[in-house]
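As given, the protein sequences belong to chains A and D, one line each in that order.
Going by the working numbering, the letters in the first sequence line up with residues 353 to 681, in that order.
Going by the working numbering, the letters in the second sequence line up with residues 4 to 285, in that order.
Hints were generated in silico from the structure; no laboratory data involved.
Fair warning: there could be bad hints in the mix.
[Stated by the list, open to error] Selected chain A positions facing chain D (in silico; Cβ < 10 Å):
hint : residue
1    : Arg409
2    : Tyr412
3    : Arg484
4    : Arg512
5    : Trp553
6    : Phe616
7    : Tyr637
8    : Ala638
9    : Gly669
10   : Arg671
Positions of the beta carbon are idealized from the N, C-alpha and C atoms, including for glycine.
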Amino acid sequence: MTVSTGNATAARQEPRGRRRERPGRLRRSFGAHWYAWAMVAPVLAVMLVLIGWPLARGVYLSLTDATEANIGRTIGVNVIPSTYEFVGLDNYLQILTSAVFWDKLLWTVIWTVVCVAAHYGIGLALAVMLNRRMRLRSLYRVLLILPWAVPAFVAAFIWRYLYNSDYGVINGMLKLAGLAPVGWLDDPTTAKAAVIAVNVWIGVPFMMVALLGGLQSIPSELYEAAEVDGAGPWQRFRAITLPGLRRVSSTVILLGTIWTFNMFPIIFLVTRGGPGSETEILVTYAFREAFTGVRNYSGSAAWGVIILLMLVVLAVGYRRTLRAQGDPW
Amino acid sequence: MSGRRPRGERGPLASVGLHAGLLLAVAISLFPVVWLVLTSLKPRDGWLSSELRLFDDSSLDNYARVLTATEFPRWLLNSVLTAGLTMVAGVFLAATTGYAVSRFRFPGHRGVMWLLLVTQMFPVAILIVPLYNLMAGLGLLNQIPGLVIAYMTIAVPFCAWMMKSYFDTVPIEIDQAGLVDGLTPFGVFRRVVLPLARPGIAVTAFYCFMTAWGEVGYATVFMSQEDKRTLGVGLQQFVGQHWSDWGLMTASAVLIAIPAGAVFLLVQRHLVTGLTAGATKA
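Isolated chain A, as found in the complex (with noise of 0.2 Å):
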């Protein structure tokens, strides 16, 4: 809220509010507004500089049919210009009616759906465990937190060397209890099974930390009343819970889903991609189009864009949804 403090400076600065702009004031509030445009400055430059430009250039380049062999390079003192052209939105063409492209996107939704509600769904089980008052609450936690300490390039390969069909423990496992070793990695199905086990099993402890944090500020006076109302269990979790953990929820709905949706190193890293390119989503796919074989600079830019515009759009239309239902910002 907005505390006066009688001070003309203080005044100006517009205190965090819930003050909006009108247009009207936009040239008037250069001089009140002045520093807060000079401290994002750094920021705003960097992200021209370094995001603004490559991405201009790589639509430019969605737009353009260059490979690796016709784009400009310097080889000692040799300058081979370039000899790409402008071929206009033909590369998004060729994507959007290529089979190729619907199937990777099929996948890449069913990971990210799958991925995110099974780190909501196992997060917010634990959250809710966790919350009680217990003997070894701590410990549990920072045991359960662990696998979120683990960089995810070298959980890939952990579970890689788990999932290895001739000398993993999963299959030594299996083994042992008299079944038959099963080739975890060079079937489609359970590749497909394998990596996502692997992302839930990286991006639960996230959720479980966040939605504790929302467990734990909701105040207990409204569980107590709750229970002397008669509620059940179920009412309450229903009633108080879920409704108090709704701006964690959304924030780390969202997050998570961005996330899971470039997750790049877990498929990178623990199938290749494989079997066949089964378990390709779209970023790993737009990403080897690049950099195997002739680079296929274009496409792989033109993949770039339209992963950007799914995200942008899924965002867009997540916050509106929010702000729908009351949430600000």
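With chain A held as given, fit chain D onto it using these hints.
Frame of chain A, contents of chain D only:
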């Protein structure tokens, strides 16, 4: 069931269920790491067996090989340098922005917030091609500064976003007191708010470090020279398509994961706040 009990109590059955559930979860969360450590301690070719023997003639052979017979130390140094530089540059550049979007409702505020969110969505594929060409043109391929520049595209918006959340937790009355005392807005930021937000900045820095530390995509493409690789790229050597040595792999994975994990567990309490505090308070 619990309706008949005094508040806050639970039956013995519920207690057993609770602990059983948590123990199962702990087992799943720990098992891969434990198995990794055990495998790394097996003798040289010990990984060629999935037998569930534990400390059977364990040795530090794999560790010795990783540290002396491979480029691992070089990769480690490259990773530390890259992640360290990314962290310093990211935090330094993003601090004021985080503060500005936390405190001031200036025209363009919403735009900046959106920009920060949208850039978090950038898939590696969209920038990698133009950045690669740019680096090639500037002679920055296989150079640590080049990789740091690429990482800035990830780190800067991310740091700004996280720091905003931390500045949100510093009461605005403190800023106002500073202004009353005659400080300029920059003075308030530098002398009053920045010191108060120091734990938040430390966590942001750590997170930023870990992001750069764990990145694989850019590093794979930009650092193709053997002695310029970072850990995420270099380790792929150990388990290639045609040859793999899981002994080397597991030992190096332990060497990477243990220090990172230790620091992580120390600061983990504060980690999530940075990403969600802003949103929960909004």
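Status of each hint after checking the structure:
1. Arg409: 4 Å, holds
2. Tyr412: 9 Å, holds
3. Arg484: 6 Å, holds
4. Arg512: Arginine 512/A check passes; min Cβ-Cβ to chain D is 7 Å, inside 10 Å.
5. Trp553: Holds, because the Cβ-Cβ distance from tryptophan 553/A to chain D comes to roughly 7 Å (cut-off 10 Å).
6. Phe616: 5 Å, holds
7. Tyr637: Holds: closest Cβ of chain D sits about 8 Å from tyrosine 637/A, inside 10 Å.
8. Ala638: 4 Å, holds
9. Gly669: Not OK, violated: glycine 669/A not within 10 Å of chain D, min 13 Å.
10. Arg671: OK, holds: arginine 671/A within 10 Å of chain D, min 9 Å.
The earlier numbered hint that this structure contradicts is number 9, and it is the only one.
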